[in-house]
Amino acid sequence: MVDVAVGRGSVKDLRRASAATRLRYALKRKSTVAFLMTLPLILLIAVLVIYPAFYAIHLATLNKSMTRFVGFGNFRFLFKRDTFWMVVEQSCIFAITAVIFKALIGFIVAHFAHNIPSGKQRKWRGMLLVPWVIPPAMSTLAWLWLFDPSYSAFNYTLGLFGIAPVSWLGEVGWARFSVILVNVWYGAPFFMIMYLASLKSVPDQLYEAAAIDGANWWQRIWYVTLPMMRNIIAITTLFSLIVTFANFDIVRILTSGGPLDQTHLFATWAFKIGIEGSDIPLGASISLFMAPILAIAAYFILRDVTKRGNEA
Amino acid sequence: MAEVNLRKVVKRYDDVEAVRGIDLDIADHEFVVLVGPSGCGKSTTLRMIAGLEDITDGDIMIGGDVVNDVPPKDRDIAMVFQNYALYPHMTVAENMSFGLRLKRYPKAEIKARIDEAARMLDIVELIDRKPKQLSGGQRQRVAMGRAIVRNPKVFLFDEPLSNLDAKLRVQMRIEIKKVHQKVRTTTVYVTHDQVEAMTLADRVVVMNKGRIEQIGTPNDLYHKPATRFVAAFIGSPAMNFLPCRLEEAAGRLHVRLTEQIAFPLPSDRAARYRNANPGQQLLLGLRPEHITEAKPHAEPGIEPFDATLDVTEPMGMETLIYFNLAGKQVCGRVNPNAPARDGQPLRLAVDLNNMHLLNEATGAVI
Amino acid sequence: MSSFAIDKAGPGRKVKFGSMSRDRVWALRWSYFFLTLFAIIALLPPIYMLITSLKSSAEISAATNPWWVFHPTLSNYHELLTSNQFLRFFGNSAAISIAVVAITMAISIPAAFALSRMKFWGSATLATGVFLTYLIPDSLLFIPLFKMFALFGDWTGIQLINRWYVLIFIYPTLTVPFCTWIMIGYFASIPKELDEAAIIDGASWFQTLTRIFIPVALPGLIAATIFAFTVSWAQFLYPLVFTTSTDQLVLPVGIITTLIKGDVFNWGQIMTGALLGAAPPLVIYAFLMDYYIAGLTAGATKG
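Residue numbers (the working numbering), protein chains in the order written: chain A, 1 to 312; chain B, 1 to 366; chain C, 1 to 303.
No lab work stands behind these hints, which were simulated from the structure alone.
Treat the numbers as computed from the prediction; the structure is a model and nothing was measured.
The beta-carbon is built from N, C-alpha and C at its ideal position, and this holds for glycine as well.
Warning: the hint list may mix true and false statements.
As the list claims (entries may be wrong) - Just a few of them, taken from the derived set where beta-carbon distance is under 7 Å, the chain C residues facing chain B:
| no. | residue |
| --- | --- |
| 1 | Leu194 |
| 2 | Ile199 |
| 3 | Gly202 |
| 4 | Pro219 |
Claimed, not checked - Derived DEER-like restraints, expressed as beta-carbon distance ranges:
| no. | chain 1 | residue 1 | chain 2 | residue 2 | range |
| --- | --- | --- | --- | --- | --- |
| 5 | A | Leu36 | C | Ile158 | 34 to 40 Å |
| 6 | B | Asp128 | A | Phe154 | 45 to 51 Å |
| 7 | B | Ala108 | A | Leu36 | 38 to 44 Å |
| 8 | C | Pro215 | A | Ile212 | 41 to 47 Å |
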């Protein structure tokens, strides 16, 4: 009755071997099927993402007419241009300021939305997410019209309070403010929705326990909410940093980089030089400067997403 | 309908041997339960019969044909899963008929089979509902219905009741038994619950660490366990094991527990243990029901002794008592009317006619 | 017993409870106040689009109160919806978006199924790679892609630059990685027993996918479809780079390049066009909000 597997006849060995081959075939077939199912995806990524990424590096080493290898010539040229350093500065100011405000406003709005009875949350959430739903090119047109110097709705409204008209997109300071404002308007709802989902996943018992321990609302946020949301805050912020840093639509439509190239981001400047100015190698060099920052952010996102996956 | 045979079946995951060569013959119409603690290889064995796991070595036969390389769908089996695995987007009827529809059975036949199974399982009025709208017990019935309509050679159950609460589990246990009495399909049933195993099975297969410890009818396993593992696994509260020695005294063979306590063995037991090495370290196995309050009149093989009770648990129809004997906590069952009180002494008796003697080193029952 | 009585009837406790509930009421009022404020800011541009779209050019240039329509008219809508050019933009956008959704699904679903269920050599790396690809923005790739397609035209004679359908090949780089990623997540959440049950019921891999996985993961599929559609509809950079002739433009680019003539801004028509361009995503969002949000939040979890 109690069995111990020991003896194996030679006939048995033979049969076992053939079974093993058949098994290998079956496995082979299953992984072949799986590979074929992922093949379109692999091809798409290889041909239209990975190849162009390396092709960009190749392009960046050519001269304007793309006839001659110039090595780091384009980069050396960029380093000597004031506009380049201005774009670096403006890209960083734009991305960091916008992300901070998006995160803050998103967090605050998410809290208010979380406060109200859950039956009514859906309606409010629906309204607050509208900026994220409208194609940014379309909503930026509305902002362009709101900022319009002569017929501007904003200046009209300010005028009612006796405030002098503001040249929203004409002065460097105001123009920088305006592009950030529109980006925050567009991106904050995304943070709000992510935070709200994350707030909902914090168990109520934790707040009740904290309340019983005598924590006030601020301590509850600091000791319960923030630690529980830490991971999602990190992922959302890093993700938004990438998207904001690489932003094109808003600046392109609002200011086209002006006044005097003062609001250009890497993307808009690369477009101006590479496509409009037909200097493809220089444009490629400019856009490549986004890569290191994106890579760093991507590394941290991946780490956090994996961690989050393990928690789940 | 068919018999199922396993011949030296081995399952190896990388370096871990989950199933270490088991032999098992299941007769036509038989209800066999594989039972054992988690990780004993019972589920893996079932999944190998189903074809969901490849076998590393050995043969599995269903209805006399070796099915080692036959895909699950061609093995003519049906399986009921622990979490029911009902298709959430299909109604009960669609769930039950999915396999038949894939095999392109005629509509009329599908309907007839569903109706019959639904009647048998008493789920006729649920037939158009989605799994989400069903209770746990109802889902369990549907999962069984899905197996029944296929009219397979073999039913495979993988811990089907462990997601149900205690009361429903008892009810569904009876339900499963009734269904088996009606359809008489060969059934292999996996559970970690020994009560389920005992109540359902024609034969129980106790597994441990990838091996079969013992195969037998529920009564065999209970009264004649072959190993310490089986003796301890089957029965609740579990069997007591007390270190002991055999010794000759006054011309009779005694089992000595401590310096003070030694019981003379009844004559048939004495004959059986005559050849055991007297110096060997042994274990005395006694089920709680064989440790009771002492009766006024003496009976052969029933030996009285005194104990001080640590804890008593009145269960209604009996009272469980716990006391210390030979440095071990021992459980006994006494009549609820016996004067058993926490911390009080009580005169008890052991029934040595039902004792077990085990070799402590090997765990084998002598 | 005594502690129970103190808890229930202690005067200090009662006052505390009362103040807590008053706090709660005030918190609620403040929440509504700020939510209203934020909602106004959120809805200001679209509402302003609507207001302007109902004005005639005369009313706009008269610089009356910009927040009010004194002589509402549908002439802007009439003009745009009867303009062949505008309808062409709309048609191009719709054709591209629908084609991209179809291609995205055709690539993502089998890939996600294979990556979530059939472990094979390199499958984990590929899943990570998919996620990383999703993080690569359009503004990093538009120049090399433009050059690639231009060279492709030079070599093969098949001209793809300045053809609206070239975008059908390019948009999937934006949609496929994310859709695959969230579909992996949805597929992975389907219990393994469900495919085992299907296998025992006699389903092939393909049948398991089409008859079990796709219906069960339908919410995820809808979320992915919405994502693919809205991304394609809203794309601005690629069409700006790849298309120039007016008959090849998609809606966002078309509105900006044709309605803005030099320095002349016909704001009534621009706002009407923008509103019409924003309408399809808004309508989808209005009806399928829960799927939209599910798709949005699913991106931050590991598949």
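Right, here's what the structure says about each hint:
no.: 1; hint: Leu194; verdict: holds (5 Å)
no.: 2; hint: Ile199; verdict: holds (5 Å)
no.: 3; hint: Gly202; verdict: holds (4 Å)
no.: 4; hint: Pro219; verdict: violated (11 Å)
no.: 5; hint: A:Leu36 x C:Ile158: 34 to 40 Å; verdict: violated (27 Å)
no.: 6; hint: B:Asp128 x A:Phe154: 45 to 51 Å; verdict: violated (60 Å)
no.: 7; hint: B:Ala108 x A:Leu36: 38 to 44 Å; verdict: holds (39 Å)
no.: 8; hint: C:Pro215 x A:Ile212: 41 to 47 Å; verdict: holds (46 Å)
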